[in-house]
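Asks: This is what each chain is made of:
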Amino acid sequence: MMSASSLSRWTMAYFAAALFFLISAQVLMASGYGFPTASIEAPETLVVVHMVTIGWLSLLMCGALFQFVPVLVAQPLRDSTLALPALLCLLAGLLCLLGGFLQTAGTIDLDIPFLAFGGLFLPSGFALVIWTIGRTLWSVPKSGLSLPARFVAVGLTCAAAAVALGASFAWVLSGHAPALAGTDVLAFGLPVHVAMGLGGWLGFTAIGVSYRLLPMFMLSPDREHGTGRFVLWAGASAWGFVLLARPFAVVSGSAALPTGFAGVLILVATVFFAFDLIFFYRHRRRGKIELNVKSAIGAFLVLYCSILLILILVAAGTFAEHVDAVVYIVGFGCLTGLGLSMLYKIVPFLTWLECYGPVMGRVQTPRVQDLVVESRDRVFFTLYYAGMLLGTGALLVGAPILFRVATAMTLLATMAIVAELVVARRLVNVGATLRLPEGASRPRLFLPHWHAR
Amino acid sequence: MSAPHCDLDVRPILREGGDPFAAIMQAVAALAPGQRLRLLAPFKPVPLFHVLGARGFSPSAREIGSGDWEVIFTPAGVEQSEEAPLPSHDDDDWPAPDLELDSRDLEPPEPMVRALQAVEILAPGQTVAVLLPREPIFLFDELRARGHHWRGAFEPEGHYRVVIRSGGRERS
Chain A
1 MMSASSLSRW TMAYFAAALF FLISAQVLMA SGYGFPTASI EAPETLVVVH MVTIGWLSLL
61 MCGALFQFVP VLVAQPLRDS TLALPALLCL LAGLLCLLGG FLQTAGTIDL DIPFLAFGGL
121 FLPSGFALVI WTIGRTLWSV PKSGLSLPAR FVAVGLTCAA AAVALGASFA WVLSGHAPAL
181 AGTDVLAFGL PVHVAMGLGG WLGFTAIGVS YRLLPMFMLS PDREHGTGRF VLWAGASAWG
241 FVLLARPFAV VSGSAALPTG FAGVLILVAT VFFAFDLIFF YRHRRRGKIE LNVKSAIGAF
301 LVLYCSILLI LILVAAGTFA EHVDAVVYIV GFGCLTGLGL SMLYKIVPFL TWLECYGPVM
361 GRVQTPRVQD LVVESRDRVF FTLYYAGMLL GTGALLVGAP ILFRVATAMT LLATMAIVAE
421 LVVARRLVNV GATLRLPEGA SRPRLFLPHW HAR
Chain B
1 MSAPHCDLDV RPILREGGDP FAAIMQAVAA LAPGQRLRLL APFKPVPLFH VLGARGFSPS
61 AREIGSGDWE VIFTPAGVEQ SEEAPLPSHD DDDWPAPDLE LDSRDLEPPE PMVRALQAVE
121 ILAPGQTVAV LLPREPIFLF DELRARGHHW RGAFEPEGHY RVVIRSGGRE RS
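From first to last, the protein sequence lines stand for chains A and B. Residues 1 to 453, numbered by this note's numbering, are exactly what the first sequence covers, in order. Residues 1 to 172, numbered by this note's numbering, are exactly what the second sequence covers, in order.
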């Protein structure tokens with residue numbers, strides 16, 4: 001019936017699509033599809049990787065940014081009507097991309113240039129997202145941009161680079177880019193595509209968003225510290241070096257210098273980020289922290305474990321051999337762990353606001369935390385992290401069956417958490433007397449109400 | 001000149017796990033006409049503002065160190081001794097806030113709930129001031145939808161202060 005204009009209309013649809021792809025990817029992995037049964041560059045593996053990075057993580061991030069950026073800059077989302085076309089483009093593009101990989105794998109045999117279509121729809125979708133969020137960020141004076149907003153701006157730039165490279169791969173692989181046919185664009189750009197996509201876009205943006213969400217949920221002071229700005233600048237310069245590494249190599253013959261700079265800067269940025277995390281935690285005014293923050297802390301601990309793992313592997317000279325385990329722990333440990341933690345708070349929060357906003361202050365309403373049952377969900381988050389760590393171990397020692405078992409554990413945990421989010425949307429955990437007072441608006445599962453307030 | 005303040009320190013009661021409500025109400029009942037109640041508490045007793053507000057007392061609160069608060073409840077018709085928390089740079093047609101809520105230490109969406117609860121009990125034209133940890137975007141939506149007006153700005157200390165004027169009957 002009603003919805004406040006600050007609630008992003010399509011965010012829940014983005015989240016629903018994202019969770020669909022996360023669960024589908026985990027089902028495929030648990031059933032032994034793609035890596036490690038197939039090789040790391042096999043099309044089957046690429047199907048799973050893009051279901052996770054675009055389907056799950058990017059859709060989650062876009063949906064969250066549509067909701068979050070207007071709050072960050074205290075401005076309405078510019079061109080908010082583009083959120084739906086962007087979602088449709090991203091979904092169509094992802095399905096085409098997956099179709100293209102399945103063609104390459106020989107799974108489907110249709111005479112449609114899926115990869116090329118993917119290389120059109122996906123950049124269009126991302127362009128719409130970047131346009132909408134970029135314009136919203138641009139609408140405030142540059143000096144007034146808060147630290148998290150600056151992180152988002154850098155993240156969007158990295159997304160643009162990752163998508164441009166990805167699209168050029170798709171065109172080359174589909175044979176629709178004769179101009180690039182002579183160059184080995186994949187060998188040239190693949191490491192940059194991965195670093196920009198996973199690190200710059202998903203990782204850096206997530207860190208930026210955490211700079212606002214963590215103090216908000218822990219009631220810590222969120223004044224901007226020098227360390228936070230240092231993380232921003234070190235990170236942004238690192239992504240700059242990553243971008244320049246290949247052109248530099250063409251001129252000088254080696255990419256070692258800029259790559260080394262980027263590595264050191266990222267390392268320093270994560271160390272300074274740790275100082276800020278500890279600051280938020282120690283200065284929190286909220287004694288008992290909720291499950292979403294505990295789980296987010298788990299995700300950050302995994303981040304530091306993964307950095308330790310990278311350092312050990314580099315020191316031992318076996319990084320290239322174990323890059324699979326590194327990508328897995330970053331993607332499923334840090335990013336997915338953080339993503340599920342934040343969803344566990346954001347979905348009940350937005351549901352509460354949508355439902356009880358109209359009657360707030362007039363009648364007694366349930367608390368946001370009444371929409372979920374933390375005691376039982378704690379088990380699922382623990383199971384998720386346990387499965388993820390076991391999976392990383394399985395990849396490190398090369399035990400594919402154990403990896404499938406571990407993925408099945410994460411799948412089970414994810415499905416339980418998703419079920420809890422559905423239950424939260426349906427207000428099942430709220431006592432019948434408080435559930436729908438007169439004037440409250442029952443939320444739909446993930447589609448918006450058509451007539452806004 | 002009105003009678004001197006009646007002092008009531010509820011900190012010992014709270015330290016021992018007791019409920020100071022009865023003591024406060026006794027003290028209020030024993031006040032001479034026009035006499036103010038000076039309350040010392042280990043937190044800002046916002047719920048009490050509503051209770052005593054309904055009895056015609058306006059609160060004026062200040063932090064006195066180590067998290068403790070001094071609140072002076074002034075009965076209606078008596079000039080407030082403390083400087084009233086006026087929306088400093090606003091137009092004259094906005095009356096001084098009848099209520100000042102400090103929601104800086106509350107987790108979202110609690111600050112919004114408290115603010116709307118307070119607005120609901122205002123008469124049209126009356127105002128309430130709310131201190132928040134950050135700019136309340138969602139609250140503005142709800143105020144707009146309900147036909148209330150507000151003026152807000154960041155304070156030098158970093159928090160956000162908004163003064164809301166009741167628009168009377170809601171539009172939505």
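No wet-lab data here; the hints were simulated from the structure. Only a predicted model underlies this, so the values are computations on that prediction, with no experimental measurement involved. Treat the hints with care, as some may be off.
Stated by the list, open to error - In the DMTMM-like style, the derived pairs of lysine to aspartate or glutamate whose C-alpha atoms are separated by at most 20 Å in a straight line are: (1) A:K294 <-> B:E107; (2) A:K288 <-> B:E110; (3) A:K142 <-> B:E110.
Asks: Give a verdict on every hint.
Replies: Going through the hints against the structure:
1. A:K294 <-> B:E107: OK: K294 (chain A) and E107 (chain B) at ~16 Å, within 20 Å.
2. A:K288 <-> B:E110: holds, 16 Å
3. A:K142 <-> B:E110: Measuring from Cα to Cα gives roughly 31 Å; hence the hint is violated.
Violated hint: 3 only; the structure is consistent with all others.
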